[in-house]
Structure formats: C-alpha cells, structure tokens
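S.K.: Chains as they are written, first to last, in the working numbering: chain U, 1 to 480; chain A, 1001 to 1455.
Note that these hints are calculated values from the structure, not bench results.
Each residue gets a CB set at the ideal place from its N, CA and C atoms; glycine is no exception.
Among the hints, a few may not be true.
What the hints assert, rightly or not - Take a look, some chain U residues computed to stay more than 12 Å from chain A by CB distance: (1) Val68; (2) Gln165; (3) Asp209; (4) Glu223; (5) Gly299; (6) Glu373; (7) Ser392; (8) Trp444; (9) Val460; (10) Val479.
Stated by the list, open to error - Incomplete in silico selection of chain A near chain U, CB under 7 Å: (11) Phe1110; (12) Ala1290; (13) Gly1451.
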Amino acid sequence: MILALLSDLMEGARGRCAYAEARHVDLRDETLSVQGGRVDDLSHETSEGIGVRVRVGGGWGFAATRDVSAGGAQAALAWALLIAHAQPAGPATALAPVAPARGHWASAFAIDALEVSLEDKLGHLLAAEAALRSGDERIVRSSATLRAWRERKAFASTEGAACTQELVACGAGIAAWAAGDGELQVRSYPLAHGGLFAAAGWEHVLALDLAAHAPRVAAEAVELLSAPPCPAQVTTLVLHGEQVALQVHESIGHALELDRIQLGEASYAGTSWVTPADVGRLRYGSEHLRVSADATLPGALGSFGWDDEGVPATRLSLIEDGVLTAALSDRESAATLGLDASAGCARADGFARQPIVRMTNVSIEPGAAGTLEDLIADTDRGVYMETNRSWSIDDRRLQFQFATEVGREIRNGRLGRLLRNPSYAGITPRFWGALNAVGGPEAWRLWGLTNCGKGEPGQVMAVSHGAAPARFGGVEVGVA
Amino acid sequence: MTLELAERALGHTRGEAQATVVHERSLVSRFARSRPTQATAVDDTTVSILAVRDGHTGSAQTNDLSDTGLRDVAQRAGAAARAAAGAAAPDPGAYPGLPAPAPAGAHDGFDAVTAQLDPDSAGHALRAAFDACAARQLEAFGIWTAGEVQTAIASSTGVHAEDRVTDAYMKVIARDLDGRSGWGAGAASAITGLDPGAIAARAAAKVTRDEPGDLAPGEYQVVLGADAVGTLLDFLGSLAFNGLAHAEGRGALDGRLGTRVAASTINLSDSPRSARTLPRAFDAEGVPKASLALIQDGVAHGVVHDGRSAARAGAGARSTGHALAPGGAAEGPHPTNLVLGGGAVLDERELAQPIERGLYVTRLWYVNPVHEKQTLLTGMTRDGTFLIEDGVITRPLRDVRFTDSILRIMEATEALSAGQQLVSEADFYGRRFASGVVCPALRAHGFRVTGATTS
C-alpha cells in the first residue's frame, strides 16, 4: 500500500523535475542496558516517515516528513522542489544509469530479537553483568547492553523503480571498568562501543555467550591497572581481527568513498589521499592486501537488495594484491568519474536523511597465516593489540593513531606480559605496505559496527567488515 | 501546541510518568567546489514517554501522533518499566523519581524570522560565500543551516513546561586547487546573527600562497583559536564534569574538586543565559537551566548532575539541570552551555607576540579520548595551521597530530583573548539539539605534537 503511494507520488513528479525518488522507512529500535544488577536503560523507539529527493537542473532538494498520507507525501515533494529551486544554479551532472529496481528483499534470521520477551532479554543481560562483578572493589562499573532493530523500506523513483526490503539486526556486549591509583581501564567483549552486531536474530546474541566471557573481561580490567605501560618503540604489530576491521574501515573504506575523493565531503568528513586518477594503478599496500566491498554477504549489516538509489547489491573488488582497482560510488559520483554504473553504495539513515556514499561491507580477504595462535607463533618479537579503545585519523585518511584496550608482548612466538594503554600510529600506504601476513579463512569473520558517522545533517550507519588477525612490520607503537 | 500534545500523551500513562514532545523543523544546505550539493529539510515530531515503577524506568518513543500511536507508546514505556522492576525485584531501582515543577526563566533564544526557514535565505548565503571565495580564486565548501525546535514536557509530578528555540549556523572551508584550506564559521540563535560573506572572507584569509612546511613532533608554545578551544572544552564537559562518571570514580576530577586544576585565569561555567550562547529554558527532565560555576580562578568547583547522577552521588547532590534524556541519559549528564571567560589580550596576533617559535591552530579534527581520566586526547589540526616565529604568525604548516591532556593545557594556559566566540559544530545526529561553547582564543605552553601528515 505504501509502495503504491510512493509510485503514485513519483508518477506525479515526472515533468516537475529531472529526477525524483521517494523512500518510506518504518523503524523499530530497542535498546537494553543493565548495570550494577539493575536496568540502566530500556527504551523502544518507533519512527515512520517519507523522504523525497528531487533534482532540478544541477541542484538537489530533499524533504522529509512524518506524515505518511498521500497529502503529506505531496507536501514533502512540493517542499523538496521549492528547496531545489532556491539553490544557486549550477551545471547539471549525469546520474549513472540503473535498471528500475523491482521486488522484495529480506535479511535472514531465525528469531527476531524484538519478538523475544523483555524478561528473557533482561535475564540474559543481568546474568552476564552479574558475572562481571567479581566482588573486587576496583570494578567501578560493569554493564551489559543489547540493541535490536528492524527496518522496513519502500522505494520508488521517476525512473520506474518500486521495491521493498526488510532488515532484522541485533547485537550485544559487556564491559567492565576498573579504577585505582588515578588509573582507569576498561575491557569489553566481543567489541567495544556497545558490542558485536549482525544482520541476524536472537540466535546471534545467544552465540556470543556473554556470561562465559565475563569473568575474564573483569579480571583483565583489574589486571590492566597495574600492568606496565606499552613502551614506545618501532616493532612488529599483530592486530586482533576486530581491530583490523576498524583499521580497514577508517583507512581503506572511508578513503575509497568517491564523494570524498571528488571533494564533495570536504566540509565535514573530509577528502581522501586517493585521487580519481589513482583507480587502477595506485599501490595501496603489500601483495597481502586484498579488499572487497560486498553488499550481498549474508549476516552483514551493509547488505541489502538495493541501495537507497535502487541500485542492486553487488560485490566489488577494491584492492587486488595491493593495487587499487575500484572506489565506492553512488550514481552521481560514478557518472562524474565516467563510470557506466554505480557501485551501489548510496545509503541513508532513516527517512529524514538523503542517501550519500557509504561503505557496504568492506572486507580484507583472508590470507594464509592460519589462526591468531598460528600468527603469534610465527612472530619472534612484537606487540599484540586487541579491542579498540580510541581512534583518530586525519581528514585525508592518511595519518592515524589508534589505541586498544589491551596489549601483550610477543616473545619467541608466545604471548607475554599484559601491556597497559597500548597505541600505534602510522601513515595509511606505509602501514598497509608493511602488511606481511593475514589470518586464514578459519580466523576470518564479520565484525558489525553501528557507529559510523558521516554527512550533514549527521547520519549514523551500520556496516560489517570481514577481517582476520593480521601482522605488520615496523610499526610505531606506544605513541600516546 | 507541543505542550498540548505532551499532555495528551501523558493522559495515556498510568502512575509516575513524563511525556516529552520535540518538534524539529530544519533546513541544511551543503555546498562543495562552490556548488550546492545537498539540501535537506526535516519536519518531524517525536513523543517520548518515561515510565517509572519502584525506582526503575522504561521509555518509548514514537512519531505517530495519533491516539493509537500515543496509547501504544505509553503502553510500551509502562511495560518496559515493569520489566525493569521485575528483573531487579525485590530491589528498588536507583531512579529518585521525577522532579517537581519549578519555574524556568525566559530567554532570547527564539527568532520568528529564522523559524520561517526560508530556502531563499540559504540560497543568498551560499551565493555570498561563493562570491567571497571566488574573489580570492578559491572554492567554497560548507553548510548553511537553520532550525526551530519546540520542546514540551508534561509529567505526573506536575511539570508543564514548553520551550521554543531557533538556531542558525554557517561554516565555510575555502580551498585552493592544491588543497590548502582555511576555516570560517558562525553560530547564533537567529540567521541575522550570521554574515555569510564575512565568514567566507575569514576562511579565505587563512589560505596563503606559501607552500606549507612540516613541524617535527615535540612540545611547542601554541595559540589555539577559539574553535580549537571550544572543541577541547566540549570534551572536558564529558570527561571532567559528568556527574555520573564522577560519582563512579571514573571522572577526571575524581578527588580533585576544591583543588587547583587549571591556571588562575581559567574561569569556566555552564551559563545557559550568557550572551552569545544558545539558550534553552530547561533540561530533558524539565529542570530549569541555571548558571553553574565549574572552575573558578583555576580551582575545580563542581560537576553537573541530572536526577539519576545526583542520586548516585548522594551527599545532598541535586540535579543541576543537565539531563540529556528523560530520566537521565545512560552515559550521564553533560554541560551544554559552557562559557570560558576571556582575558586581557586583544586578539590572536597579540597572543602570538611572546612566542619565539610555536604554532597557531585554527581548529581541531577527529578528536577522541585516549585516556579519559587524564583528559588525554588525540586529534588533528585542520584548515589553518601556521608557524609562529618571533612573535608573528607566519608560514602555513601541514596539519599535525596532537596528543595532549585538556587539563594540562588549561594548567599551562598563559593568556586568553578578550574576545569570545560561540563555537558550535552543528553536526546533528538524530534530533536537532543546538549547543555550543562560548570561549576565547588562548596561548599555552608545552602543546604536544606527536605526528605529522606526510604521504
């Protein structure tokens, strides 16, 4: 019914603008957090609305409304047209062609976490959080969190697109903070920043087995208080797969967004050290570096049937044997570069934001270095780092500095002392150029993040990255 | 209108509850390479219900304003609160209860012309920026935005409060074809408080024809422009003045209240009715906003609280009107109207005069905490980093990475400019909530540069 409303709206938009699209988004989003044996946050959000984007000459207009009636949609269209006309006139750029999207897509899941009772979800979290509280007074805060959401979309355009899709996702995590003698340390599992998320159901949360990991997490938080600081040195660095995923996200994924490369995001997110002419020739890293963007990966948060411009999901090789082969694009940026098709990377946060170039699931392909244990055993001396704690990178995605929750010495192929406040820094092409081993398929998995910010007004996007542990030579560590 | 809706929503609740309505109308025009790129208009209203059962809370939110939608959101909030209470039974929850009504003072943060959201205002602003940059053979990148936000709260304890604010913001990054860039920005409660041509001219003036030099890692005397100072203070707000983190021993001022934590010239307050700030009448629990001293003459005086953090702190602590969400945000309260008092130095040029060799920083970018309790941050400089030589701001520098503690910088502050500026990034994620820091530029010693941007 809503798709018919959107299609009718687009029928009426033809002739009033060069192009128009309308997107209806119906979102349910639930957050649960427990702390100290009590529920800290239990909130449930529903939102529904329509966003209409139009193109007049070279200008865009976008208007969003919560009024999902035909009248509300018409008013949004009129407002979008008015805004587009008010922009200073500019040259019209082309849009890469696309066949009209038709049909329905849905992500796979066994049990929608939104349909699991609040009592069961809280019981699960409380049990995990209780296992964090060992009785050690140095644990000053302990928490277990869970988020579940379901997003239904309908999309229509003046080019004849009419499709619907549904994503079901959830994730959870635990964290413990220890304080003492002026020091504050945190340990998290399985990821920092709220947990590990996937396009999946309650079965994903159960598989994380939070309670089983809680005693180790709390013990490590306390142990870190008196651990020696990570010494400043240049050494071999082995990263856990989760930190590799973030490294890929920040220094490869964002750097290869074509709108950034074309300076379209210079006012906020920034530009890129990569230029349009680099595609097909730039050496991005060592021969061990192979990276893809895949919107068809099951269970990944950056998967869909069609992007938010109606471009079908695809798998794209970005870096092959260290050489840049493609960039992430939407229809406008692809056409500007002279490509004959968009890479299908236009995504929008809810109904009240317009699509912009976002990562799909940008992943480093597995190598031949086996498991994390194999990688450590193959390393004579160095530092191992796990679980992101801090991240910062410049506006060209070139100079970065990351810190993790925990580090460990590597001595003669074995993990040694725990190290406090570990950090490392680098320059993107030098760092990836020093990649000398990537874990194998047995150590490769998806790492789902929900906090990627970009755009004005701000948009938060969820995406997954496939990654395995990896090793880098000659890295500056202990920088903070 | 919004208060009536809040009361209608409250009517669907049972027991202790708060209904909050937020209505946003906003317009954002983006531009790049002196061309408009995106223009986004939002008109949305959300109704949030906070239900309280035995000291436990549950909340729900919707933008369905029908009676069915309001009834449903009230039921979901009630079910959430019951589930929270049931999960912890028989232990009572930590939430101290909804606040009693208190009168909120008037403010001048609403402008009727701004609330019209005329798209032509955006068009005129963009043209002015394009022209100012073109006059220097530069391209303009940035945004112009204006918005109106109405907020109403009705609660079972008798709070019936309504607020209406507007805000306007424009930033311009002027850039040449070699990538050298300069920054200008302005924020105000009304669009008449912005001068797009002047903002663009300030940005263009920071782009020089000189080839940028490199600065080696080390410690330097620094002049931080107001935009850079504002970013640091915003982080200080969450790392040092969050009453929940402080009560849990995680805050940077843990054990340091009443002691000197900054130079004696540092006077920092949260002043919601200070000139140039973006005022609002009450916080997310309906508690009236009021001025609060945080650092006086370099001595740490207090932290901010919402109802939940005040209860956690005990010892007579009360909400200071800094709740970010109904019932208090899970991450704790945060000051939203920080004001750092100015000093006696005329401007940034005069601040630079005593520096033999140092750097001038226009703004900071991608800043994140490295060690929260030490207020240790890392980030980059951006859009106007210059060398200071023999007391003069001279050549441009390539952007550098800094890793330094905010409180150390405050302690090492040597002088403050007399002029203050409202620093606001207007990077609205979710519902529009305009806030900013009013602050001067400053000079400090020992600024720690830890890396450079080189390819």
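S.K.: List, from low to high, the hint numbers that the structure doesn't satisfy.
M.R.: 1, 7, 9, 10, 11, 12
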